[in-house]
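**Q** Sequence:
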Amino acid sequence: MIHRYSVFLLLCLFSSVLSRPSPAISRQILCDSTICIHYSPVDSTHARQALRILATARIEICADFRIVCRDTVHVVIASSRLAFRRHIEQGLPEWAHAFALPGMRTMVVRSPRWDRPEASFRQALVHELIHLVLYQQRGGRALPRWIDEGLALFYAEQLQWENRTLLSKALATGSLIPLQDIDNVLQFARSSADLAYQQSYSAVRYLLATYDIDAMRHIIAGYQAGEDMDALFLQATGSTMSGFEQEWLNHLEETQKWYWLTESDELIWLGIPVLFLLAVFALRRRNRRRLAQWQAEEAIAATLEALEEHPPDAPEEDTSSANSY
288 MIHRYSVFLL LCLFSSVLSR PSPAISRQIL CDSTICIHYS PVDSTHARQA LRILATARIE
348 ICADFRIVCR DTVHVVIASS RLAFRRHIEQ GLPEWAHAFA LPGMRTMVVR SPRWDRPEAS
408 FRQALVHELI HLVLYQQRGG RALPRWIDEG LALFYAEQLQ WENRTLLSKA LATGSLIPLQ
468 DIDNVLQFAR SSADLAYQQS YSAVRYLLAT YDIDAMRHII AGYQAGEDMD ALFLQATGST
528 MSGFEQEWLN HLEETQKWYW LTESDELIWL GIPVLFLLAV FALRRRNRRR LAQWQAEEAI
588 AATLEALEEH PPDAPEEDTS SANSY
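Sequential numbering from 288 applies to the sequence shown in our numbering.
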């Protein structure tokens, strides 16, 4: 998911990717007209699979953005966790699962042989392909990262980003990341990076759903031609980029702010302390009533006991006003 480096770092990584295979394993290359897969013999099946996936996805992406994809894309399938981690040590964050080197038209992905079972080989390939194609389309100019990553997530159909709980919680707590700050996602901790990708996907999906692919196509083509991003957003959406961001935030406020409360697990954990407090309140209220009742009963009993021990004297009869006959 990484796509901007200095020339020196690009050369170092590319050299590391293609020139440092394990001594015991030779590299092989499988190519069609515009895609070359670099792989170890044990990954030959995955190499053929990668070629099919990328050939199909590239046709769709280039058709959507109305561009001619002539540049050859190189794909390196990392044969082991150790081989992949060697590239991470070159300056990539620990949470990276794949990365692209757009200046070298190269991506590096994990082999499904050792990657986590829930990881999707297809998603990783298509995600990085978007970065490479968009880099070609924009002539090397750096797109806002939220657009670049949001489109990559959208085309890769990474449905885990459909889970809106993280976004909803951030919205409810006022901890959303400004879209322009997502440019620094490589310096983020894993939790903040997850939120940044979630926001990127949400904003891009909203743009596509509201203004269609024509708007995105206009923005990217105009950016390639050197036009101002605010002017392009104004033409495509009727708002500047910051105005679009506010429009998207308003949409989230209306539709997703309290979405996290619908998650059953969240409701359970939220309900437990509430129920506890209600139970404590009810118990204290009952105890106060019982104590008041006991005190009243004790007062009555004490009064009756006092009357039994010291009964009041009978009143004397008054004869002063009696009539005589």
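No wet-lab data here; the hints were simulated from the structure.
Take these hints with a grain of salt, some might be off.
[Stated by the list, open to error] The following label-pair restraints were derived from C-beta to C-beta distances:
(1) R368 <-> R504: 34 to 42 Å
(2) S331 <-> L495: 20 to 28 Å
(3) C318 <-> D499: 16 to 24 Å
(4) G427 <-> S331: 20 to 28 Å
(5) P404 <-> I316: 23 to 31 Å
(6) G513 <-> R400: 41 to 49 Å
(7) A342 <-> D468: 33 to 41 Å
(8) L495 <-> S529: 14 to 22 Å
(9) E541 <-> D517: 34 to 42 Å
(10) P404 <-> D517: 43 to 51 Å
(11) R368 <-> S331: 32 to 40 Å
(12) K544 <-> A496: 12 to 20 Å
[Stated by the list, open to error] Under the rule of at most 20 Å between Cα atoms (straight-line distance), these lysine to aspartate or glutamate pairs were calculated in the EDC-like manner:
(13) K544 <-> E584
(14) K456 <-> D468
(15) K544 <-> E532
(16) K456 <-> E541
(17) K544 <-> E534
(18) K456 <-> D319
(19) K456 <-> D402
(20) K456 <-> D358
(21) K544 <-> D470
(22) K456 <-> D481
Glycine included, every Cβ here is placed at the ideal spot set by N, Cα and C.
**Q** Okay, which hints does this one fail, numbers in order?
**A** As far as the earlier hints go, 2, 3, 4, 9, 11, 13, 18, 19, 20, 21 are violated by this structure, in ascending order.
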